[in-house]
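Engineer: Chain by chain, the residues:
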Amino acid sequence: QQPVQSPQAVILREGEDAVINCSSSKALYSVHWYRQKHGEAPVFLMILLKGGEQKGHEKISASFNEKKQQSSLYLTASQLSYSGTYFCGTVHRGNQGGKLIFGQGTELSVKP
Amino acid sequence: GAGVSQTPSNKVTEKGKYVELRCDPISGHTALYWYRQSLGQGPEFLIYFQGTGAADDSGLPNDRFFAVRPEGSVSTLKIQRTERGDSAVYLCASSLWATTNTGELFFGEGSRLTVL
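Keeping their order, the protein sequence lines are chains G and E. Positions in the first sequence are counted from 1; adding 9 to them yields this note's numbering. Positions in the second sequence are counted from 1; adding 401 to them yields this note's numbering.
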């Protein structure tokens, strides 16, 4: 049931772009993205509720392909502050009561 | 306080002991979640409450784990007969309503449990 994220880790230079993917084996109701810095609590980035929905948060945006049961997080012109571990969380169709399951995470390192 | 508060921040115990971890959610938040996170892993769902009732406890690993939220605010996660494999950071999060509405979970800093 746990969504699968790829890649597991990525290293960028400041200003470069990255894409983090999240896929589920089950039909999805919603996809949620969080970022966690080392030793800190996860922080909410965005939620996507509808297939085809795209959202943006500064230079971080995401899309949700409901049919493919996938979501992607796009980081453009990365900044040092983007470093951290990114988690996607999924709520499955038929389980809209609120059980949010997280993937294993993608560790992003942005170097100067 | 303004955020989710968890106590203790660190707990070291011996195998076989009983442990309680407390979570004080943001005032007015009706939904409360417990997750467990091991090093290098994503948060693992344990249980969530909507109000006083456990809406979904399917993530509790076994009957040694139990959680309560008697008045719909503070919650306590209780672990009996602790085992070394229980060592992890236990995260609590709250939201206005369950995930499908506002979507945003506010996490506490976690309680790091070490079982020797």
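Quick caveat, the hints were computed from the structure, so don't treat them as lab data. Treat each hint with caution, since some may be false.
[To be verified] Which chain G residues face chain E? A few, computed with CB under 7 Å, are given here: (1) Ala50; (2) Leu54; (3) Tyr83; (4) Tyr91; (5) Gly107; (6) Ile110; (7) Phe111; (8) Gly112.
Yeah, the Cβ is synthetic: ideal placement off N, Cα and C, and Gly gets one too.
Engineer: Each of the hints needs a verdict: does it hold here or not?
Structural biologist: We went through each hint and held it up to the structure:
1. Ala50: Holds. Min distance 4 Å.
2. Leu54: Since chain E brings no Cβ nearer than about 9 Å to Leu54 (chain G), farther than 7 Å, the hint is violated.
3. Tyr83: Since chain E brings no Cβ nearer than about 19 Å to Tyr83 (chain G), farther than 7 Å, the hint is violated.
4. Tyr91: This hint is violated: Tyr91 (chain G) lies away from chain E, its Cβ roughly 18 Å from the closest one there, beyond 7 Å.
5. Gly107: holds, 3 Å
6. Ile110: Holds: closest Cβ of chain E sits about 5 Å from Ile110 (chain G), inside 7 Å.
7. Phe111: This hint holds: Phe111 (chain G) lies near chain E, its Cβ roughly 4 Å from the closest one there, short of 7 Å.
8. Gly112: Interface hint status for Gly112 (chain G): holds (5 Å vs cutoff 7 Å).
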